[in-house]
Amino acid sequence: MHKLLLALISLSLVGCIDSKEEILEEKNQGLVYCAEANPVSFNPQVTTTGSTIDIIANQLYDRLISIDPVTAEFKSELATDWKISKDGKSVTFTLRKGVKFHTTSYFTPSREFNADDVIFTFSRLFDVYNPYHFIGDANYPYFQSVGIDQLIRKIVRVSDHQVRFELFNAESSFLANMATDFAVVLSKEYAMALKANNQENLFDQYPIGTGPYIYKEYRRDHLVRFYKNADYWKHEVALEQLVYDITPNGTTRIAKILTKECDVTAHPSSAQLSILAQRDDINVERETNLNIGYWAFNTERPPFDNLKVRQALVHAIDIDKIMQAVYYGNGLRAQSILPPTSWAFELQKNMPIFDPQLAKKLLTEAGFPKGFDMSIWAMPVSRIYNPNARKMAELMQSDLRKIGVNVNIVEYEWNTFIQRIGEHRHDSVLLGWAADTPDPDNFFSPLLSCTATFSGKNPANWCNPEFDLLLTKALDTTDLNLRKQYYDAAQSMIIKQLPLLPIAHGMRFQASSADVEGITLGPFGAISLANARKK
Amino acid sequence: MILDYILRRLGLLFFMVLLLSIFTFSLSYLFPGDPLSNLSGIPDTNFTQNAQLEEKYLFNSNYFMQYIAFVGRILQGDWGMSFASGSSVFAHVVDLIPATLELSIYALFISVLVGVPVGILASAYNKQWPDKFISSTAMIGYSMPIFWLALLLIMVFSLKLGWFPMSGRVSLLYEIPASTGFILLDILLADFPYNGLAMLDALHHLTLPTIVLAMYPTTVLVRFTRESMLKVMDQNFIKTARAKGLTRGQLIIHHALRNALLPVIKQIGLQFSTLITLAMITEVIFSWPGIGRWLIDSIYQRDYPAIQGGLMAVSLFIIIATIMAELTYTLLDPLSRNQAHGKV
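Quick note, the sequences are listed as chains A and B, same order.
Heads up: the first sequence runs through residues 1 to 535, numbered per this note's numbering.
Heads up: the second sequence runs through residues 1001 to 1344, numbered per this note's numbering.
This is chain A alone, in the form it adopts within the complex (with noise of 0.2 Å):
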């Protein structure tokens, strides 16, 4: 009798551990990574904002094709093949076959992804007859910026696996546009779903893709929960859950490393890199990235409208300085807007130099021997082209005092500072630019093209028809040697006209818990969760 009693105990305890450690399990399966803003919107078509492309791009949708960081070569994703007419007119993509949109409690897909949705994911950014054209103002920020609707002449089905895109002329950088993190496949089903029961205005809120997470929950300042998609394309997903913890504050992301409530944290800053690097249970990977941080005038309102007042106040700034205060050692000087590892990067011979005796000559001459007021906004967050924002406004101010320029800083909240930058409510700003493509376009139609001055992107508000002649004649070309010539000119047209000062390149940082793996940094575009497991 005794003996039945222990055994019937040691059973239940054993059934105990076991549930114990199957509950464990259930926590470790889960990953939470520390980001630094809440997310714009859930679809990558209508932001550029690097904050919310990093949480949903890679994580909710895929591709049509995607570019290897390592070789910079092509790679299938969403389309297994594709081919380019002998002039360059027109690309056709053959289609991936039995790939599922995401089901979830707003969605259940009836069909397998199919070239309705290509067509209709492409046609919404330039085609006034899509019925989502017009959703949210009809604004495209990173297709519009580099001419999308000047590009695409139409989409043709070909068959149920394969579309073709005709195009006006041939341009270099098509492809490449079609592998940036915006270029993702939406679902023509669900828009049409959605469509039936007038409630268009949720599709970009509520996300369907293809992608290896499924959208489950987002709480404005506080978390975005996804969930795996078990029915995943391209491989088993090891995470069953994945959550962002919105954190705003960089220091607080770091102690949330420390104590583990976070796994992963989005741009540590640099100053604190050493306190982790201390750690053995924290990892630091740190990776050159294509990026720039730049001081942009916004040169349509005066007196920045006056090439000399331009002159005069980047010959103000010591940007050694700069390099010193805020990227402690872990930025490269720029030397051009292009980073050196860009292929057409041409080092610039007449970057500005330090000299405030030259600047308050050129202010004088440009008429205000007395120097006047003017604004600097800082972007509130810390992104690998700069830092720390605030503190190089800071530097500045002094720098400009000298000169006899008070400056006044501005701050907001992140995704109100981009939307009044894209107002062109400013007098400068502190911003940068990281890449979505080694493709060097990428750096000049996104930020300096007068189609981008149009759709809010282009922050020095600078359209100048000369310089977009030479970035329409770069891309009208695939002669490498050609394209470089004009990549060249337009960078020096850079310098001489000072739409914006190139300040630095940042290198891309990430700590993460030692017991994470498979999160890899890439030289350009959004981070990509899909291979991210716990050990």
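Hints listed in this document are in silico derivations from the structure and should not be mistaken for laboratory results.
Everything numeric in this text was worked out from a predicted model, so none of it was measured.
Do not take every clue at face value.
Said to hold, decoys possible - Listed below are the simulated DSS-like cross-link pairs for lysine-lysine, each with C-alpha atoms no more than 27 Å apart in a straight line:
| id | chain 1 | residue 1 | chain 2 | residue 2 |
| --- | --- | --- | --- | --- |
| 1 | A | K484 | A | K473 |
| 2 | A | K154 | A | K473 |
| 3 | A | K534 | B | K1132 |
| 4 | B | K1160 | A | K535 |
| 5 | A | K228 | A | K535 |
| 6 | A | K391 | A | K321 |
| 7 | A | K234 | A | K100 |
| 8 | A | K361 | A | K402 |
| 9 | B | K1160 | A | K260 |
Unchecked claim - Covered stretches of chain A, going by a simulated chain B footprint (3 or more residues, C-beta under 8 Å):
| id | stretch |
| --- | --- |
| 10 | 219-233 |
| 11 | 236-248 |
| 12 | 409-422 |
Quick reminder that beta carbons are idealized off the backbone N, C-alpha and C, glycines included.
Chain A is fixed; fit chain B onto it per the hints.
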């Protein structure tokens, strides 16, 4: 008699709320920007929207009518939209207030649990070493800025020792549906296999913020209980009892305590308003998703409708809590009912 008293208090409540609502309403004119945007929370209105809003908010009539319309909307729960999130301010408030309340209630509970007995202990050993120790510790706790204490605790217990987490209410990996907004209740109500672990995790998250928030009211209660006890112990009936040969324990438990605790009860109620204010600071430091953190974020983001709604909700809450505390106290202590004028 008691009815008369309650009516007086309700009259006071009415006038306080009236003043509060007038102040809140005038804020939309005092804040920078368009008053219509500040009230409705819809920025950059176009022409037709503008006309509709003007009609809804009675912007064509005088200030008095606008105020009446404002009160009507407040009562209906239409508090405008937040600039930052674009959703209803009232929904935000309802969503966030339970978190703040929960934290404050636990902190108050802890401070009563610790503060009152420790205060009695100090008075029992008046001017001996336990009293000196308790009084000086209470003095330190009383004068220590709460954010500094919070940072110290985070440094030691979260960053150095790793015993407690430093942010939020529960590990984000536990997906707990918000039915009541009180996290412990929600975990109990939620139906999933890892209930116990989630509960443990939530208690873990609660520890540091509760200690930080409880620090100030605890020290106040210690000092108050001690003084109140000493005052009672000095009275003649206690002296008589002592002369009759009662032990110190008998004296305190049977005679002094009941009389000394009455003013303490009033004090507990009054601590609630201080607590809500301190909770805002605690929430910011521990990323606690309550109304205080939201209000401070809204100030940073210049989200005027949210500031307006948040201020109103918090002040309304404090006014009601204070008056409730007074009423409870009066029910327990008949002597205080003769007070002619209300005071808060």
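Results for each hint:
no. : hint               : verdict
1   : K484/A <-> K473/A  : 11 Å, holds
2   : K154/A <-> K473/A  : 22 Å, holds
3   : K534/A <-> K1132/B : 53 Å, violated
4   : K1160/B <-> K535/A : 24 Å, holds
5   : K228/A <-> K535/A  : 17 Å, holds
6   : K391/A <-> K321/A  : 11 Å, holds
7   : K234/A <-> K100/A  : 11 Å, holds
8   : K361/A <-> K402/A  : 13 Å, holds
9   : K1160/B <-> K260/A : 12 Å, holds
10  : 219-233            : holds (count 5)
11  : 236-248            : holds (count 4)
12  : 409-422            : holds (count 3)
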